[in-house]
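Chemist: Could you put together the complete structure from these sequences and hints?
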Amino acid sequence: MTPISLGGPMSEPTETIQQPDLLMAEIGRGMELGQRGEREAARGVFTGVWDRLGADGDPFHICALAHSMADVQDDPREELVWDLRALEAADLVSDERARRAGVTSPVAAFYPSLHLNLGDVYRRLGEVDLAREHLARGLDAVGTLGDDGYGQLIKGGLDRLAERLAAPGPASG
Numbered sequence: 001m002t003p004i005s006l007g008g009p010m011s012e013p014t015e016t017i018q019q020p021d022l023l024m025a026e027i028g029r030g031m032e033l034g035q036r037g038e039r040e041a042a043r044g045v046f047t048g049v050w051d052r053l054g055a056d057g058d059p060f061h062i063c064a065l066a067h068s069m070a071d072v073q074d075d076p077r078e079e080l081v082w083d084l085r086a087l088e089a090a091d092l093v094s095d096e097r098a099r100r101a102g103v104t105s106p107v108a109a110f111y112p113s114l115h116l117n118l119g120d121v122y123r124r125l126g127e128v129d130l131a132r133e134h135l136a137r138g139l140d141a142v143g144t145l146g147d148d149g150y151g152q153l154i155k156g157g158l159d160r161l162a163e164r165l166a167a168p169g170p171a172s173g
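Counting from 1, one number per residue, gives the positions in the sequence shown under my numbering.
Just to be clear, a hint being listed does not mean it is correct.
The calculated label-pair distances, taken between Cβ atoms and stated as ranges, are [stated by the list, open to error]:
hint	residue 1	residue 2	range
1	E133	G156	12 to 22 Å
2	R97	G126	32 to 42 Å
3	A167	P106	15 to 25 Å
4	E32	R52	12 to 22 Å
5	E163	G143	15 to 25 Å
Note that these hints are calculated values from the structure, not bench results. Nothing here was measured: the structure is a model prediction, and the numbers come from that model. The beta carbon of each residue, even a glycine, is placed where N, CA and C say it ideally should be.
Modeler: Shown next as structure tokens:
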């Protein structure tokens, strides 16, 4: 969401309001569909956003879209494409851009989840070395997370990924 200053031309802003971010609202709608198990409908919403956004769009939007699109893929190879796209876009997002979108944490807090998803998909694809690399990167970044429900969810996911990678077999679990 983009803040709008309501101050005069030479005055200090007296109030800041948030202008709705229509792409993020659409991405949120797709996420809700995915969380309800309506994966095909979610993919349809995300595809529509991607068609408008494109690969050269705002990296913040691309990161959010790709991270969410990966979650509703049935083919892990397609999931990997979207997870990699999300990571690449995150590298281009500034803390200021994230703040304008209403994100209160630094962009660095995106990385534990991004690396968790990449580690898990690489594990499922039998790419254990790459899975371990992303697990290590996620664990290195975990200090950026708060001790709230979201932080605990991601930390727990990284712990489960570590356990699965320690178990016998190329893609255990």
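Chemist: Hint by hint, say whether it matches the structure.
Modeler: Hints, verified against the model:
For the hinted restraint 12 to 22 Å between E133 and G156, the CB-CB distance of approximately 20 Å keeps it satisfied. Take R97 and G126: their Cβ atoms lie about 36 Å apart, and the range 32 to 42 Å holds. Checked against the hint of 15 to 25 Å, the C-beta distance between A167 and P106 comes to roughly 34 Å, which is inconsistent with it. In this structure the supplied range 12 to 22 Å holds for E32 paired with R52, their Cβ-Cβ distance being about 19 Å.
Take E163 and G143: their Cβ atoms lie about 21 Å apart, and the range 15 to 25 Å holds.
The structure shown violates just one earlier hint, number 3.
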